[in-house]
Amino acid sequence: MILNKNLEPITSMLIISALMLKVFTTIYHVLIITLLVMLDCHTDYAKILKAFYKGTEYQEMIEQAGYVLENSQKLMQDIYDMDQILHQMCSKLFKITKKLKTQEEQREEARVAYDHYRNKLQKMEKTHAKSTEAKKIDVYKRNVEKFNKSKSEFDTENSKLDKLMEQIQIKGEVIIDQICIRFTCEVESKFFIQLNKSFKKLEIIEQQMTEISQY
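Following my numbering, the numbering of the sequence shown begins with 1 at its first residue and continues without gaps.
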């Protein structure tokens with residue numbers, strides 16, 4: 001039996017990576033949608049507060065709060081757009097895995113046929129190859145032709161698989177690296193840090209409003 005020992009770990013690596021990334025982006029996507037809805041509600045609430053406190057000592061601070069929320073919403077939209085890119089990358093990874101799986105199955109079919117005729121010819125070497133009977137000689141020749149055809153098909157499919165595996169290794173690594181880089185730059189740096197700053201600004205405004213109310 002002829003096997004490509006490198007195939008199984010690569011297939012497993014791609015499938016596991018794709019599943020992990022899909023789970024990650026799905027959870028992250030839900031978080032983004034939840035926060036966008038929350039900020040939409042806050043923005044609407046800020047508009048109500050602006051109208052309610054217009055002409056009062058709170059007006060300036062309410063306007064500041066509305067400005068902070070509007071900026072936060074824009075930040076969230078940027079992150080949401082990035083989230084869509086992450087999903088697209090995961091989809092590409094799944095397509096690559098599917099393509100590899102298809103080629104693996106085609107190669108396996110060719111391997112089974114090749115192994116069949118190779119083993120069959122080994123047995124016929126003793127009973128048909130040196131026979132003087134016309135019928136046995138004809139059967140042997142037909143099987144040699146089938147063996148040569150199956151070997152050629154296996155070599156072709158195996159070559160395709162080797163080339164595809166090389167391409168997939170490169171593409172898979174690039175996609176995974178890009179997702180990690182995007183997550184670090186866009187989520188950790190841009191999202192959590194900047195959004196945290198926005199909420200701190202809101203806390204300061206809240207404190208100022210509390211101080212005014214105490215006079």
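Warning: the hint list may mix true and false statements.
[Said to hold, decoys possible] Restricting the straight-line Cα-Cα distance to at most 20 Å, the calculated cross-link-like pairs of lysine-lysine (PhoX-like) are:
{"hint": "1", "residue 1": "Lys146", "residue 2": "Lys130"}
{"hint": "2", "residue 1": "Lys101", "residue 2": "Lys50"}
{"hint": "3", "residue 1": "Lys120", "residue 2": "Lys99"}
{"hint": "4", "residue 1": "Lys120", "residue 2": "Lys136"}
{"hint": "5", "residue 1": "Lys120", "residue 2": "Lys130"}
{"hint": "6", "residue 1": "Lys163", "residue 2": "Lys92"}
{"hint": "7", "residue 1": "Lys99", "residue 2": "Lys47"}
{"hint": "8", "residue 1": "Lys50", "residue 2": "Lys149"}
{"hint": "9", "residue 1": "Lys141", "residue 2": "Lys123"}
{"hint": "10", "residue 1": "Lys171", "residue 2": "Lys92"}
{"hint": "11", "residue 1": "Lys197", "residue 2": "Lys98"}
{"hint": "12", "residue 1": "Lys92", "residue 2": "Lys120"}
{"hint": "13", "residue 1": "Lys201", "residue 2": "Lys74"}
{"hint": "14", "residue 1": "Lys120", "residue 2": "Lys101"}
{"hint": "15", "residue 1": "Lys120", "residue 2": "Lys160"}
{"hint": "16", "residue 1": "Lys160", "residue 2": "Lys149"}
{"hint": "17", "residue 1": "Lys130", "residue 2": "Lys141"}
{"hint": "18", "residue 1": "Lys95", "residue 2": "Lys47"}
{"hint": "19", "residue 1": "Lys126", "residue 2": "Lys141"}
{"hint": "20", "residue 1": "Lys123", "residue 2": "Lys163"}
{"hint": "21", "residue 1": "Lys135", "residue 2": "Lys151"}
{"hint": "22", "residue 1": "Lys160", "residue 2": "Lys101"}
{"hint": "23", "residue 1": "Lys74", "residue 2": "Lys47"}
{"hint": "24", "residue 1": "Lys120", "residue 2": "Lys98"}
{"hint": "25", "residue 1": "Lys123", "residue 2": "Lys135"}
{"hint": "26", "residue 1": "Lys171", "residue 2": "Lys95"}
{"hint": "27", "residue 1": "Lys160", "residue 2": "Lys95"}
[Stated by the list, open to error] Label pairs and their computed distance ranges (CB to CB):
{"hint": "28", "residue 1": "Ala51", "residue 2": "Gln194", "range": "26 to 36 Å"}
{"hint": "29", "residue 1": "Lys190", "residue 2": "Ile48", "range": "26 to 36 Å"}
{"hint": "30", "residue 1": "Gln208", "residue 2": "Ile48", "range": "40 to 50 Å"}
{"hint": "31", "residue 1": "Asp78", "residue 2": "Thr56", "range": "26 to 36 Å"}
{"hint": "32", "residue 1": "Glu105", "residue 2": "Ala129", "range": "25 to 35 Å"}
{"hint": "33", "residue 1": "Gln178", "residue 2": "Glu60", "range": "39 to 49 Å"}
{"hint": "34", "residue 1": "Ser91", "residue 2": "Ile48", "range": "37 to 47 Å"}
{"hint": "35", "residue 1": "Lys99", "residue 2": "Thr43", "range": "37 to 47 Å"}
{"hint": "36", "residue 1": "Lys95", "residue 2": "Glu70", "range": "46 to 56 Å"}
{"hint": "37", "residue 1": "Glu105", "residue 2": "Glu70", "range": "24 to 34 Å"}
{"hint": "38", "residue 1": "Lys197", "residue 2": "Lys54", "range": "43 to 53 Å"}
{"hint": "39", "residue 1": "Gln207", "residue 2": "Gln77", "range": "21 to 31 Å"}
{"hint": "40", "residue 1": "Lys54", "residue 2": "Ile85", "range": "38 to 48 Å"}
Hints are computed from structural coordinates only; laboratory data are not their basis.
Being a predicted model, the structure only gives us computed values, none of them experimental.
Backbone N, C-alpha and C fix where the C-beta goes; we use that ideal spot for every residue, glycine too.
Practice task
Starting from the hint list further up, note which numbers the structure goes against and sort them upward.
Solution key: 2, 3, 7, 8, 11, 12, 14, 15, 18, 20, 21, 24, 30, 36, 37 and 38
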